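Undergrad: Read off the chains here:
2 protein chains.
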Amino acid sequence: MTTSSKTFDQLHEDFTALFYPKSIAIIGASKNKLGGSKFLIALQSSGYIEGGGNVYLINPKFDELFGFPVYPDLMDSRIPKPIDLAIIAVSAKFVPTVVKQCNEICRFAVIYTSGFGESGNKNLDTELKNAIASSNTRFIGPNGLGVLNPYSKLAIYPNWCQSKGNISWVAQSGGTMARLYLTLGPMNIGFHNVVSIGNAYDISITDLLTYFQHDSITKTIALYLESIPDGREFMQIAQSITPLKPIILWKGGQSNRGVQATLSHTGGLAGSYNVWKAMCKQSGIMLADHFEFFQDLVKVAALRPNVPQNLNVAILVAGGGIGVEFTDMFEKMGLVIPDFEPQTIEGLRQIFPAVNTSFNNPIDLGEYGYDPRLFAQAFKLVLADRNIGSVVFVREPERFNIISKMLDIDDAGQMTIDSLTKIIQTTDKPVFCNPSPNRNTVDAYETRYNFQLQMIKAKIPVIEIPTNIPKIILQLYNYGKFLESRK
Amino acid sequence: MTTSSKTFDQLHEDFTALFYPKSIAIIGASKNKLGGSKFLIALQSSGYIEGGGNVYLINPKFDELFGFPVYPDLMDSRIPKPIDLAIIAVSAKFVPTVVKQCNEICRFAVIYTSGFGESGNKNLDTELKNAIASSNTRFIGPNGLGVLNPYSKLAIYPNWCQSKGNISWVAQSGGTMARLYLTLGPMNIGFHNVVSIGNAYDISITDLLTYFQHDSITKTIALYLESIPDGREFMQIAQSITPLKPIILWKGGQSNRGVQATLSHTGGLAGSYNVWKAMCKQSGIMLADHFEFFQDLVKVAALRPNVPQNLNVAILVAGGGIGVEFTDMFEKMGLVIPDFEPQTIEGLRQIFPAVNTSFNNPIDLGEYGYDPRLFAQAFKLVLADRNIGSVVFVREPERFNIISKMLDIDDAGQMTIDSLTKIIQTTDKPVFCNPSPNRNTVDAYETRYNFQLQMIKAKIPVIEIPTNIPKIILQLYNYGKFLESRK
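Chains A and B, in that order, give the protein sequences.
The opening position of the first sequence corresponds to residue 1 in my numbering, with each subsequent residue numbered one higher.
The opening position of the second sequence corresponds to residue 1 in my numbering, with each subsequent residue numbered one higher.
One chain only, chain A, in its complex shape (with noise of 0.2 Å):
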């Protein structure tokens, strides 16, 4: 909702004092460490404030918590104007009465609290919109968590990562938002401007991605919606973004029931599931259905967007079952596995023996294929196919080691990271790594975890879910086509 009195130019402008703010008030921030005085603790983790961000505790009750001072309300004098950002935290019953006095003292605020129209508190819920309606204070919420940013050290919970990149990601669900920043940070894969939006009865998402269309760092948009106010708004701008940015959408609410459900969550009309479909294909968004699957496109489009010039996949492992499986997998998805060209085949066989190996797609390595020599010389062979659109390919980590140990090589894990990370910049075609994991131990598990922070460097996306393969190859072919459609 563009609702605001603001222009565009102002509201530009001021969403940096949102992401980058100078100085934070915490309203309702009390001895409870879970309540608004979280937000204290983060801030201090995450070095915001050793970095010289100022914050100030709002609460009439209290002098002192956690050995900062406390002013009774925002209007106090020592308190130096205006503000960057405030974060309400007060009861939802006081929320109104907090979000009138942020008028012409705070550019932003977060309205933490929940408790208005999605749990049916009418008339509670009529007094804030118009409390948010008559002030010049921009609103995020309410029922959000609030605003992240690992450049500015902006934080909302103590100890949570702080991997910078070029995700900005907004979601209409709390928990939704800190599990894709959770798995995802840890791994490298890194953002830039984070918004829990609840609500979003001020700030849209439209607004944001407004922000986000002209912002140098965002090069990858990640959303999940439950609900729009303008479908047609969001498509405007979101059609302007996706030649230049991808954006990757999850809603939320595809069934009958899970529309139902979103209502008791975010309180919004979610809409058919079918106009959202239209409308993402319209506009080049690509879409998840849920939250694996989403976490995974986010992440190749955050590492590597290139899109397939057709559907045909090259299959490449070491060990005749998971050939075969991905071959299933991916022709009942509607992915082609087709022959090699004869001068392909002649390579590989060049290269390997005829024992316990398969030249043709899907390609069956045998043993030999886990010589890291050997394997770069099929994967640049295969890359240079000119039948195929993408390459699939099998690592198990676990497996490196004995490998080094019988080739006699220091560590066939680290040759093999170094070839692909040679090989991988010289070609446009998309790549994905699958870990098909071999043996569950916690050890094991570490072993493929250091793998893919090594992949991650070398900008090849590990792939965990196998099925989750052939829909992102999908997403990646509709995408090339909406480009090419723009051009």
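Treat the hints as calculated values from the structure; they're not laboratory data.
No experiment lies behind these values; they were computed from the predicted model shown.
Some clues are possibly wrong.
Claimed, not checked - Pairs of lysine-lysine residues, derived as BS3-like cross-links and limited to a Cα-Cα distance of at most 25 Å, are as follows:
hint : chain 1 : residue 1 : chain 2 : residue 2
1    : B       : 81        : B       : 100
2    : A       : 332       : B       : 332
3    : A       : 277       : B       : 332
4    : A       : 31        : B       : 405
5    : A       : 100       : A       : 22
6    : B       : 277       : A       : 332
7    : B       : 33        : A       : 405
8    : A       : 487       : A       : 281
9    : B       : 471       : A       : 332
10   : A       : 405       : B       : 38
11   : B       : 405       : A       : 33
12   : A       : 332       : B       : 281
13   : A       : 281       : B       : 332
14   : B       : 471       : A       : 471
15   : A       : 405       : B       : 31
16   : A       : 164       : A       : 219
Following the hints, position chain B against chain A.
TA: Using the frame of chain A, we list chain B on its own:
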């Protein structure tokens, strides 16, 4: 293929010697620890030899290997006859001769060597088949990794876990055999008889099923098959087993190209997937279409194969986003998320505050939902609801630490598991837990891993990939319908 001249009763008797061999000959043992000698090292590390098992190494080129005497051939008078099990690990061209030598000396033999029909070596393949047909020894393979049994310490790789359990598992792919064994085994979901059956030129899947039917330890049968020689025979035996022991089948080669890929993998005729689907439906086999789903279905069948009375599912979460996600996912797969009975909702209302919660299906218990005492009450109410066939709930083990501190209790995780352990014994309804990982770090993984180990002790399956849950419920429901039709 029951091409042997032996009667069933003899066969049945014989299979005990295959899975509980008192003596094992390794033909083709050499200095190479990755060849035939791998089996020696495996049988040392498993405790087979220490437990009194006899191993005889065969190779005319050596007198001694790894401190063990080596005999020139099977006929050597120093080797007591008959030998229960021979492992044939010589080059393909020597295999037919060794197969002939086994006759009257070895009860069973595993042909580990590959390079026959599946590699296009037609003449050698015919020679091998003829040698097998003229021998009284019964053979597993060729192109199979062999036979495992944690009860008899029969092992094929050093340091593989030896989890004893109720699953017997036959795979027409060595890699796939290993994946299931090493995924479920470390979680204490254990195995009895495990066979990597390879091309199955002699002992067939139906021979093994016939044995498992009468084996009292086997309660669950898992199969990965790419082809069968006689569908009718397979169906007949399966139909007589499934009323008593669930069979879970993953069929490799479901798509056109997938079927092609199986040809170079195990060389059999795969047949149309629709025929397999119909066969499974008629014989009460639960069908899985890829590995991750297969292993979850086997896990559920081994732990608690309870079937739901209907397709109505209760979803119990703490955090609205996941409730919406699961509702969408389950409904789109054909499940129903029905309203609760009024007394269920009323009961929940008496336990939980109305803020940030939602008491109809999907239930969002909010932050309070992590209090183990309140959760146990909610869980019981939902299980008792007559509209509900299965219950799916989310517990994020990463949250128990902070919850324990918040609630000032010792260990919220343990308390949750203790109460669930008791409640699960009072219900026949299928129950599934999803851990909804919310932190991607090795530490968080370890927390989830240990939680899952505890839940497995309580016989509650933890399903990590949520999209598998509705698929599991559908398979169990169909299995229930089949069981009813057989009453």
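Undergrad: Within a Cα-Cα threshold of 25 Å, do residue 405 of chain A and residue 31 of chain B meet the stated pairing?
TA: Holds: residue 405 of chain A and residue 31 of chain B sit about 15 Å apart, inside 25 Å.
Undergrad: Is the straight-line distance between the alpha-carbon of residue 487 of chain A and that of residue 281 of chain A 25 Å or less?
TA: Holds: residue 487 of chain A and residue 281 of chain A sit about 16 Å apart, inside 25 Å.
Undergrad: Quick one, are residue 164 of chain A and residue 219 of chain A close enough, alpha carbons at most 25 Å?
TA: This hinted pair holds, its Cα atoms lying about 12 Å apart.
Undergrad: Keeping to a limit of 25 Å between CA atoms, is the pair of residue 471 of chain B and residue 471 of chain A held or broken?
TA: 18 Å, holds
Undergrad: Compare the distance between the alpha carbons of residue 277 of chain A and residue 332 of chain B with 25 Å, and conclude whether the hinted pair is satisfied.
TA: 15 Å, holds
Undergrad: Please verify whether residue 31 of chain A and residue 405 of chain B have alpha carbons no more than 25 Å apart.
TA: 15 Å, holds
Undergrad: What's the verdict on residue 471 of chain B and residue 332 of chain A, does the C-alpha distance respect the 25 Å limit or exceed it?
TA: 16 Å, holds
Undergrad: Straight-line Cα separation of residue 405 of chain A and residue 38 of chain B no greater than 25 Å?
TA: 15 Å, holds
Undergrad: Given the hinted pair residue 100 of chain A and residue 22 of chain A, is their alpha-carbon gap at most 25 Å?
TA: Holds, because 22 Å separates the two Cα atoms, which is no more than 25 Å.
Undergrad: Going straight from one Cα to the other, do residue 332 of chain A and residue 332 of chain B come out at no more than 25 Å?
TA: Holds, at roughly 18 Å.
Undergrad: For a C-alpha distance cap of 25 Å, please report whether residue 281 of chain A and residue 332 of chain B respect it.
TA: 20 Å, holds
Undergrad: Given the hint that residue 332 of chain A pairs with residue 281 of chain B, does the C-alpha gap stay at or below 25 Å?
TA: Since the Cα atoms of residue 332 of chain A and residue 281 of chain B sit roughly 20 Å apart, the hinted pair holds (cutoff 25 Å).
Checked against the numbered hints above, the structure violates none of them.
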